[in-house]
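Going down the list, the protein sequences come from chains H and G. Residue numbers for the first sequence follow my numbering, so the first one is 28 and each next one is one higher. Residue numbers for the second sequence follow my numbering, so the first one is 9 and each next one is one higher.
What the hints contain is simulated information worked out from the structure, not anything from laboratory work. Quick caveat, the model's predicted, so the values are computed rather than measured. Don't take every hint at face value.
To be verified - List of simulated lysine-lysine pairs, DSS-like, C-alpha gap at most 30 Å:
| hint | chain 1 | residue 1 | chain 2 | residue 2 |
| --- | --- | --- | --- | --- |
| 1 | H | K140 | G | K13 |
| 2 | H | K160 | G | K114 |
| 3 | G | K271 | G | K13 |
| 4 | H | K140 | H | K160 |
| 5 | H | K231 | G | K114 |
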Amino acid sequence: MIRTEDLTRSFRRLVAVDRLTLEVAEGEVFGFLGPNGAGKTTTVRMLTALIAPTSGRAMVGGFQLGEDDSRIRRAVGILTEVPGMYDNLSAEYNLRIYARLYEVPNPDAQVEKYLRLLGLWERRADPAATFSKGMKQKLAIARAVLHEPRVLFLDEPTASLDPESAHVVHEFIAGLRRAGRTIFLCTHNLDEADRLCDRIGVFKTRLLAVDTPARLRTEFFGRRVVFHLNRADPGLAAAVRQMPFVRDAQAVENKLVLALDNPDEHNPELVRFLVGQGVDIRFVGELRRSLEDVYLQLVKAA
Amino acid sequence: MDKIKTIISKEWAEVFQNRMVLFSVIFMPLTFAALPLFMLYAMRSSGAGSVDVGSVPQAFLSGCAEGLSTGECFQVYFVTQFMLLFMLTPLIVPVNIAAYSVAGEKTTRSLEPLLATPITTAELLAGKNLAAVIPAVLATWLSFLIFGVGARILIANARVLSALFNPMWWVAILVVGPLLSVLSTNFSLMVSSRVNDPRVAEQLSSVIMLPLLVLFFGQIAGYVSLNANLMILLALALLAVDALMVYLAIQLFQRETILTRWK
Ligand SMILES: Nc1ncnc2c1ncn2[C@@H]1O[C@H](COP(=O)(O)OP(=O)(O)OP(=O)(O)O)[C@@H](O)[C@H]1O
Ligand SMILES: [Mg+2]
Numbered sequence: 028m029i030r031t032e033d034l035t036r037s038f039r040r041l042v043a044v045d046r047l048t049l050e051v052a053e054g055e056v057f058g059f060l061g062p063n064g065a066g067k068t069t070t071v072r073m074l075t076a077l078i079a080p081t082s083g084r085a086m087v088g089g090f091q092l093g094e095d096d097s098r099i100r101r102a103v104g105i106l107t108e109v110p111g112m113y114d115n116l117s118a119e120y121n122l123r124i125y126a127r128l129y130e131v132p133n134p135d136a137q138v139e140k141y142l143r144l145l146g147l148w149e150r151r152a153d154p155a156a157t158f159s160k161g162m163k164q165k166l167a168i169a170r171a172v173l174h175e176p177r178v179l180f181l182d183e184p185t186a187s188l189d190p191e192s193a194h195v196v197h198e199f200i201a202g203l204r205r206a207g208r209t210i211f212l213c214t215h216n217l218d219e220a221d222r223l224c225d226r227i228g229v230f231k232t233r234l235l236a237v238d239t240p241a242r243l244r245t246e247f248f249g250r251r252v253v254f255h256l257n258r259a260d261p262g263l264a265a266a267v268r269q270m271p272f273v274r275d276a277q278a279v280e281n282k283l284v285l286a287l288d289n290p291d292e293h294n295p296e297l298v299r300f301l302v303g304q305g306v307d308i309r310f311v312g313e314l315r316r317s318l319e320d321v322y323l324q325l326v327k328a329a
Numbered sequence: 009m010d011k012i013k014t015i016i017s018k019e020w021a022e023v024f025q026n027r028m029v030l031f032s033v034i035f036m037p038l039t040f041a042a043l044p045l046f047m048l049y050a051m052r053s054s055g056a057g058s059v060d061v062g063s064v065p066q067a068f069l070s071g072c073a074e075g076l077s078t079g080e081c082f083q084v085y086f087v088t089q090f091m092l093l094f095m096l097t098p099l100i101v102p103v104n105i106a107a108y109s110v111a112g113e114k115t116t117r118s119l120e121p122l123l124a125t126p127i128t129t130a131e132l133l134a135g136k137n138l139a140a141v142i143p144a145v146l147a148t149w150l151s152f153l154i155f156g157v158g159a160r161i162l163i164a165n166a167r168v169l170s171a172l173f174n175p176m177w178w179v180a181i182l183v184v185g186p187l188l189s190v191l192s193t194n195f196s197l198m199v200s201s202r203v204n205d206p207r208v209a210e211q212l213s214s215v216i217m218l219p220l221l222v223l224f225f226g227q228i229a230g231y232v233s234l235n236a237n238l239m240i241l242l243a244l245a246l247l248a249v250d251a252l253m254v255y256l257a258i259q260l261f262q263r264e265t266i267l268t269r270w271k
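Here chain H stands alone, though its shape is the one from the complex (with noise of 0.2 Å):
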């Protein structure tokens, strides 16, 4: 649905994309991470064809990017970082507008259902003004879906929200994963991108890495099993470390941390090693790494 190929962008001497090569597939939801100046927006802007890459291609729902620019206009939907509202104009009003210019066959029950989906019909008829951040929010992504886009860019979707608001845009993303819309979610929230998207891809710049949460998170720390002991010290770890298939072993007040490519085949002989070794083994878990220590290790590096 989206294909990128070595997609550039500067801006006089700072590059803001650089040669970005990408799939994502239809009905994927896919995560766009990077920390602040990244160039996320700077990449939404060159694939809703807001602004033009310096080089590079891409393809954006079927069309080319640069030749087709007003079809992939009206394929796709976009979140903008800053939410645009007319603030004079009601809520409903703003919805309408778009409505009429993306040629949407039937504007108000479009508006309506929309407008009821986020929780904002009550209040369709107040100037966008009076709205808090996270009600302008939630109106502009109603104003992004108007049309039924086939792909939709989200920047940055909750960001300012609160917890129940950023629950409902949550559940009205995971709503059009179900639908089978295809979603490009840039975001800071890495809980978020954990939850929400089948693949992400971790970006400064450059792409740094691209695989579905669960992969990212084996593929940088192998995986981790922790051992509640009565006792462990550094010598302990020291004497674990010694056995072929244990890539680290640390000491942590009475638990060993070990990193293991294969727990399943191998914890059990660490069981009967530690039982030799004169210590009780109390409880044997999985250390889940989150994704944030990914993100972090990922972005500090490049």
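Given the structure of chain H, go ahead and fit chain G with the ligands onto it with the hints provided.
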């Protein structure tokens, strides 16, 4: 066409909530209609004969000699001075509308989602132009209409009336007015795109009135004498300037330029 209409109605819904804009579209043209009417009324009661006819430039007197008495000629001359005010409306109204329209888009950052829609920049520019030009032209015509009706009530003399509403003025109101408003609209769109404060944008855009003021004072001082030929010449010149302005506006009105430079 539908998209242009959408833009126009959206612009009006936004911009006419602003008192400054409303004032410029309603009260200013009314004032400009009232001033010459007031002059007519004042001269009628005091009697034109008592005024110093010597202050009327010779060029004008010879120009309006056809069957008019010197007093009548003076009346026509004096009111004609004020009629240039009607040309101010098509200049000022668009400045207000365009300045507030662009400033509004900038502060709410509403141009990005707008530009992400399938609307072409030509349609958007046309919408913004028409949103400013239509009220300007209507206000001009309305104020002229009010003046015309008022003058008919105040002046019984048919010769003075036909001298007042001569072809020159029809050219001015029907042709030069709209051309001026196109010029003013695109000029202030360009200025506003560069300046953030709508009031500053307005003041800068008001420079567009200078040539008209020069004409106004030139006429009062007797250096310039307006006539139909000059008006037609003016219309032709404006047509060329308008074409240039629209061309420049189109150059400036690119998605990318708007997004990356209109800050
Ligand atoms: N119009 C522009 N002119 C000049 N530089 C720009 C422009 N737009 C973006 N940049 C630069 O490009 C880089 C990427 O910006 P971008 O807005 O794409 O980042 P981002 O990943 O969206 O960041 P954030 O998470 O803060 O939204 C930044 O260094 C920014 O300063
Ligand atoms: Mg951004």
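Discussion item. Tell me if the straight-line CA distance from H/K140 to H/K160 falls inside 30 Å.
Written reply: Within the cut-off at roughly 21 Å; holds.
Worksheet item: Quick one, are H/K231 and G/K114 close enough, alpha carbons at most 30 Å?
Response: 28 Å, holds
Worksheet item: Is the straight-line distance between the alpha-carbon of G/K271 and that of G/K13 30 Å or less?
Response: 26 Å, holds
Worksheet item: When you check the alpha-carbon spacing of H/K160 and G/K114, does it fall within 30 Å?
Response: Holds, at about 18 Å.
Worksheet item: Within 30 Å, alpha carbon to alpha carbon, are H/K140 and G/K13?
Response: 24 Å, holds
Comparing the model with each earlier hint shows no violations; every hint is respected.
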